[in-house]
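Can you make the complete structure from the sequences, with help from the hints?
Here the protein sequences come in this chain order: L and V.
For the first sequence, my numbering assigns the number 172 to the initial residue and increments by one for each residue that follows.
For the second sequence, my numbering assigns the number 29 to the initial residue and increments by one for each residue that follows.
The set of hints was computed from the structure by calculation and includes no laboratory data.
Treat the hints with caution; some may be incorrect.
[As the list claims (entries may be wrong)] Dumping the calculated EDC-like pairs for lysine to aspartate or glutamate here, alpha-carbon to alpha-carbon at most 16 Å: (1) L:K295 <-> V:E76; (2) V:K63 <-> V:E102; (3) V:K128 <-> L:D425.
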Amino acid sequence: MIPDRPTPRIVSVDFWRGIALATIFIDHVPENLLAHFTQRHFGFSDAAETFVFLAGVAACFAYLRHFGRGERAHQTLRIGLRAFSLYAANMVVLVFCGAIIAYASLSTQDPRILEIMQFDQLVKEPLSSLVGIATLGFQPSGLNILPLYIVLLALAPLLILAVRRNMRVALGLSGGLYLATQLFSLGLPSYPVPDAWFFNPLAWQFLFTLGLCCGRLIAERRPLPQSRALVVACGLYLVLALVIVRGGFIGAYDLSPLPRFLWDEDKTNLSLPRLLHFAALAYLVTRLPVEAWLAGRASCRPLIWMGRHSLPVFSLGVVLSMVGQATRIVYPASPGLDILLVSFGLGLQMALGWVLEWQKTGLTAAGAPAEPGAARAS
Amino acid sequence: MTPATAGVTVACRVPDPYLHFPTDLKRTERLMDLKRPIRILVVGPAIEGPEVIEKRHSRLLAALQQRLPGVGFELLDGWHGWRVAEEDFDRLRSEVAEAKPDLILWEVGTPDALASSDPGEFGDVLVRAANWAKSRDIDFVFIDPPFLPHVPHEPLYGKMVLAISAASSQARVNLFRRYAAMQYLERMQGKIGAPHPHCMSELLAEAIVRSVTR
Numbered sequence: 172m173i174p175d176r177p178t179p180r181i182v183s184v185d186f187w188r189g190i191a192l193a194t195i196f197i198d199h200v201p202e203n204l205l206a207h208f209t210q211r212h213f214g215f216s217d218a219a220e221t222f223v224f225l226a227g228v229a230a231c232f233a234y235l236r237h238f239g240r241g242e243r244a245h246q247t248l249r250i251g252l253r254a255f256s257l258y259a260a261n262m263v264v265l266v267f268c269g270a271i272i273a274y275a276s277l278s279t280q281d282p283r284i285l286e287i288m289q290f291d292q293l294v295k296e297p298l299s300s301l302v303g304i305a306t307l308g309f310q311p312s313g314l315n316i317l318p319l320y321i322v323l324l325a326l327a328p329l330l331i332l333a334v335r336r337n338m339r340v341a342l343g344l345s346g347g348l349y350l351a352t353q354l355f356s357l358g359l360p361s362y363p364v365p366d367a368w369f370f371n372p373l374a375w376q377f378l379f380t381l382g383l384c385c386g387r388l389i390a391e392r393r394p395l396p397q398s399r400a401l402v403v404a405c406g407l408y409l410v411l412a413l414v415i416v417r418g419g420f421i422g423a424y425d426l427s428p429l430p431r432f433l434w435d436e437d438k439t440n441l442s443l444p445r446l447l448h449f450a451a452l453a454y455l456v457t458r459l460p461v462e463a464w465l466a467g468r469a470s471c472r473p474l475i476w477m478g479r480h481s482l483p484v485f486s487l488g489v490v491l492s493m494v495g496q497a498t499r500i501v502y503p504a505s506p507g508l509d510i511l512l513v514s515f516g517l518g519l520q521m522a523l524g525w526v527l528e529w530q531k532t533g534l535t536a537a538g539a540p541a542e543p544g545a546a547r548a549s
Numbered sequence: 029m030t031p032a033t034a035g036v037t038v039a040c041r042v043p044d045p046y047l048h049f050p051t052d053l054k055r056t057e058r059l060m061d062l063k064r065p066i067r068i069l070v071v072g073p074a075i076e077g078p079e080v081i082e083k084r085h086s087r088l089l090a091a092l093q094q095r096l097p098g099v100g101f102e103l104l105d106g107w108h109g110w111r112v113a114e115e116d117f118d119r120l121r122s123e124v125a126e127a128k129p130d131l132i133l134w135e136v137g138t139p140d141a142l143a144s145s146d147p148g149e150f151g152d153v154l155v156r157a158a159n160w161a162k163s164r165d166i167d168f169v170f171i172d173p174p175f176l177p178h179v180p181h182e183p184l185y186g187k188m189v190l191a192i193s194a195a196s197s198q199a200r201v202n203l204f205r206r207y208a209a210m211q212y213l214e215r216m217q218g219k220i221g222a223p224h225p226h227c228m229s230e231l232l233a234e235a236i237v238r239s240v241t242r
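Okay, here's the thing in structure tokens:
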């Protein structure tokens, strides 16, 4: 039963989105000291899974309730406008990042920087690159999650409709597409480089749909299955993943002729070990009293602000990560520099979250649970 | 050292050791004997540096075909390869499962140099990747980063070049020493003129052909 009332804002959703954004930022400055302590070093999944799953949860809060008969066209338009704002943000981020990389390359006389960040095609083939930029096929290094999100939002009306009607059918359809993608190597082509999208939307839509379904369960206040056996299984799986990743066993085993997506680690197509790792982690986290723990805990508010304004914060984070990468090329990398860069970048993102929260709700209300129904798919 | 004379454009000639692969490319040789095409996966950007898509690996293909006219080479368009080696290795496994190459040419080291990766950890990944390819009976060649003069942060590349050399020795796989070859040509500029812009494809093809025909 889909409730008529808006879903009260779940602060922990904002909090975990904030954690995911902070992690993505840290991971986007490769090999910096703190990047060795992020989620991906302790298991198969990383912050991208959290980001996409919570995008599904947030999209559910924002749109599912309104998706009844007579409202679908309006809601589809709302989602379309949201997708367009993501598209515009992607363009702005692309321009800023391109400028930073171009400046780094020019000032050091090192064109290898352009090449590695995949901006060299823009220099060599500006016309086809422009086509690639407009059609989202041009995805330089680190600039590939927003295109995924745009496609997921474009698919959202269909997915939301399916989840609203019957979650099992929705999961079946979405899972079927996931399976077909893995078995028949379906995907979207990049352009002008004849490659595939780094995040294959046809695979990642399954995680987004899982997020939509969980969002609906939360909105309806229906608990997830409670089972001690499931808790133990999730815990054991996380330990196994930890051993494989930390022990350097990735790639050391081959379970062919089983299809590769069942056993290998593949981020592009969200292979099953990654998906299960995230699901196990998320299930165990839901067993923790995070919502109660966060209530009134002022120290967590910066992360909540970040999560609540995820699009602008993410965009700023991507640009700052480029600044971080360029700085680590020009100045000798050291633990001190790494900590300074990450602290500075996270501080700016938190400050942006605070400013946007202040602008929206007023200074004193920042971080406190907002008005019901304020959740957005941002 | 005396520059190699046979088969290489004058402006591209480098000493023989730069063109020597210590281990055989067994699978490639076998396929040549069987007169079957050789599928080569190039992981990384154009060997020469930025290049339009259509021509990305065409010079390498032309140089191989020119040297071994009867042999069918198929150059598979690998991905650009812009991540640090650890992440590229993950992608490499996907690509190999998809493309089923006979020979992998992996341009490696530039992203790790620019990210100031730990050379030891970087080398460990390369050894794992090389052993992984060998266990699948796939021929494997590392290509180290390109060299450029007058770049203030050039020492970052030097560390990775050493790590790649050590890893290739440890894993007993071949290494195309692009960095050293470009450095040599740069030093020789006064004597032989500016290096030809397409030397690296030519030298790589020469090294591969020498290895499979010795």
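Tested hints:
Straight-line distance between C-alpha atoms of K295 (chain L) and E76 (chain V) comes to about 13 Å, which keeps the hinted pair within the 16 Å bound. For the proposed pair K63 (chain V) and E102 (chain V), the alpha carbon gap of about 13 Å is at most 16 Å, so the pair holds. This hinted pair checks out: K128 (chain V) and D425 (chain L) have alpha carbons roughly 15 Å apart, not beyond 16 Å.
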